[in-house]
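Since the structure of chain A is already known, use the hints to place chain B on it.
One line per chain: the protein sequences are A and B, in this order.
According to our numbering, the first sequence is numbered sequentially starting from 1.
According to our numbering, the second sequence is numbered sequentially starting from 1.
Please keep in mind that the hints were generated in silico from the structure rather than gathered at the bench.
Quick reminder that beta carbons are idealized off the backbone N, C-alpha and C, glycines included.
Certain hints may be false.
What follows is a list of derived Cβ distance ranges for each label pair [unchecked claim]:
| hint | chain 1 | residue 1 | chain 2 | residue 2 | range |
| --- | --- | --- | --- | --- | --- |
| 1 | A | F296 | B | G35 | 40 to 46 Å |
| 2 | B | S279 | A | N10 | 52 to 58 Å |
| 3 | B | K109 | A | E60 | 35 to 41 Å |
| 4 | B | D19 | A | R142 | 16 to 22 Å |
Here are a few chain B residues that sit away from chain A, every Cβ distance over 12 Å (derived from the structure) [said to hold, decoys possible]:
| hint | residue |
| --- | --- |
| 5 | F73 |
| 6 | N106 |
| 7 | L215 |
| 8 | R267 |
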Amino acid sequence: MAENLLEIKNLKKYFSTPRGMLHAVDNVSLNIEKGKTVGVVGESGCGKSTLGKTLMRLHEPTSGQVLFKGADIASMPLKEFKKNYRANIQMIFQDPYASLDPRMNVLQLVEEPIKTNNKNLSKAEVTAKAKEMMELVGLAKRLEGAYPHELDGGRRQRIGIARALSLNPEFIVCDEPVSALDVSIQAQILNLLQDLQDQRGLTYMFITHDMSVVKHISDDIVVMYLGQMIEKCPADEIFKHTIHPYSQALLSAIPIPDVHVKHERMVLKGELTSPINPKPCCRFAARCPYATKECFETEPQLRELKPNHVVACHHAEDFV
Amino acid sequence: MDENILDIEDLVVHYETEDEVVEAVNNIKLTMKKGEILGLVGETGAGKTTTALAIMGLLPERVGAIKKGKIKFEGENLLEKSKREMRAVRGKKISMIFQDPMTALNPVKTVGDQIAEVILLHDKCSKVEALKRAQDMLALVGIVPERYKDYPHQFSGGMKQRIVIAIALACEPDLLIADEPTTALDVTIQAQILDMMRALQKKNNTSTILITHDLGVVAEMCDHCAVMYAGEIVEYGTLEEIFDNPKHPYTKALYKSIPSLDKDVDRLHVIPGMVCDPSDLPSHCSFYDRCDEKCDACKLHDPLPYEIKDGHVVKCLKYQAREEE
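Same shape as in the complex, but just chain A:
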C-alpha cells in the first residue's frame, strides 16, 4: 500500500466579508498518495484555487489540519513552514501572462526561487542550476535573455514550471496550468508534466475546470461545489459511473467534438448560489432536479458507496 504524502483533515478557509463569512473551503478531507495525481474540478468560485493556496499557506487556514509526511503544516508557525516545507510544496500558477515579472528575463526568473531558497549557493552555482532547469522543461538556451512579453503562452508556462521545479519539490499544486493555452500547446505542457512525474516521482494536485484534461492526467478526481467536496473517486469511474447529480450535470455540459454522439444534456438552471453564510442544507439543492424536502433541511455527509468512491448526496443510492 502506497503511503500518503499529504493528508488533509477537515480543512476550512473562511473569508470575512461585510455581508458575513464566506465559506471558500469548507471541511475538505482528502488523502493524496505519493506519486499520484489528484484532479480537483468544479466551476469558478467553488474554492478550487483557494484550496490549493491554503495548502501552500498563501492563505492562512481557518481550521483543520494538513499533514505533510506526518507533520502538520497548517498549524505550524509560518516562519517554520517557509523554512522547512515551502520548497517541498510548490505551485504552478494559472495565468502565465500575469504571474511572471515583466522586467526579468527568463534566466533571472528561473534563478530567483533558487537564489531565495539556497542562500549558501554561489552565483555560478545558481546560474548552473537554473540552466539545468531550463533544459529540463524544454526552454532553448537562446531564450535565456528573453523577456516574458517576447514569449508565447506555452513557453511562459514552461518558465512557471521551471520555477516550481527548481526547488526539487515533492508536491506541486498545478492551478489551471493549461487553461490559458491553445490545444496544441496544451498537449505539450500536459505531456511535459507527465514526463516529469515519471522521472521524479512527483505528486500533483491538478486544479482545473476542464473535465477532459483532468481525466487524462489524474488518478483520482475530486468534485467541489461551493467549498465542499461532494464526490471523490478514481478517474475512470467518474466518467462511467458518476453518482452525484452535480457531477452528472458537469459532465453532460461538456461539448463533445464528435458529430454522431448525441447525448442527453442536463442543463442546470441558475448559477452558483452565494457561499456567504450558507444554510445547513445541501448546497446544490436549489439547482438540483432531484432535490426533495430532505435536501433543503439537512446537510448530506460524505458516504462511501463503493470502494474508493465517496459521495455527499442524500439520494446517492438512487443514482448508483
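Same frame as chain A, now just chain B:
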C-alpha cells in the same frame, strides 16, 4: 436557390507597424448562406478575430489595413461603404458578440440603457419605447426584465454574456458574429448560453459566424466549419465532412491533441513546433514545418484551395497533386 448572405473574396488584411508588416489574413474565400451557422476554428493568432473585425469594419485605424478583396454582404461590398454607411449597418444588419463580457460592457451605465442605446441609434423611437424593448430583450435572454436598472457589476459572468447577446440581437441583425462567446464561462453556464443561442437562431433564422477554438462547441452548434491556420482557411466543409473525414494534416493533428473523454491514451499527440510568425510567413505552405505528412514539393509551392468533394475544400498540396496526376 438560397442566396448568399455573405461572400468574402480573396480578403487580405495586414497590420502595419513601423518595424514590420503582420500578415494576419491571407487570401481567404468564404461564402455563407442565409440562416447558416458557420464555425470558424483555429488557434490564437490564426486570424479568426481579424476576419470578424474586417467584416464589421472595426479594424484598428492606421494599423490595420485591408489590402485586397471584397466582403459582399447581401450583394453589396462593405469595403466600399463610407464610415457613415457602415455605422448604419453595424449593430442593425451585422452585429457582434465580443469575447470578454467582463470588458465589453460599460461599467457606469445601466444595462437597460446599454441595450436601449443600440435601439435608439438604429430605429426611430422614443426613449421610453426603447427602454421597453430593452426589457423585452432581457426577458428573451433569460434575465428578469426588472433588473434593467442594474449595473454590469451586479451581474455574474454568465449573465453579463447574456446582456452582451441581448445588445447584439436588439435590432434583429441578419448576420451575427459571435467571437468566442463562451470561452470565459464555466461549462454549465456555457451549456445554458449555447442552448439559448441555438433557440434564438432557430426563431429568427439569423445567420451566425461562431468563432471558437473549442471543437466540441462547433460540433454542437454549426452547419459548416472553416479551419484557419496562419491567416488562411486550410479546410472548409460541412460539419460531417470536417469531423468524419478531415483531410488537412493540421485538422487531423488538432483532433489528436485534444484529450478524449471516452478513450484512454497515455500521451497526447503533439503538433511539433510553433505557429509560424505572421510577420515572416514562408512562401511555401505555412504548415510545412509542423506537418507530419509533408513532402519535398511542399517546400516549393504554396498550395491552392482545392475542392476534393462537393463543398469540401482543402488547402494542401497532397490532394491537389493527386488530382493533377
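Exercise. Which numbered conditions among the earlier hints are violated in the structure presented, ordered from lowest to highest?
Worked result: As far as the earlier hints go, 7 and 8 are violated by this structure, in ascending order.
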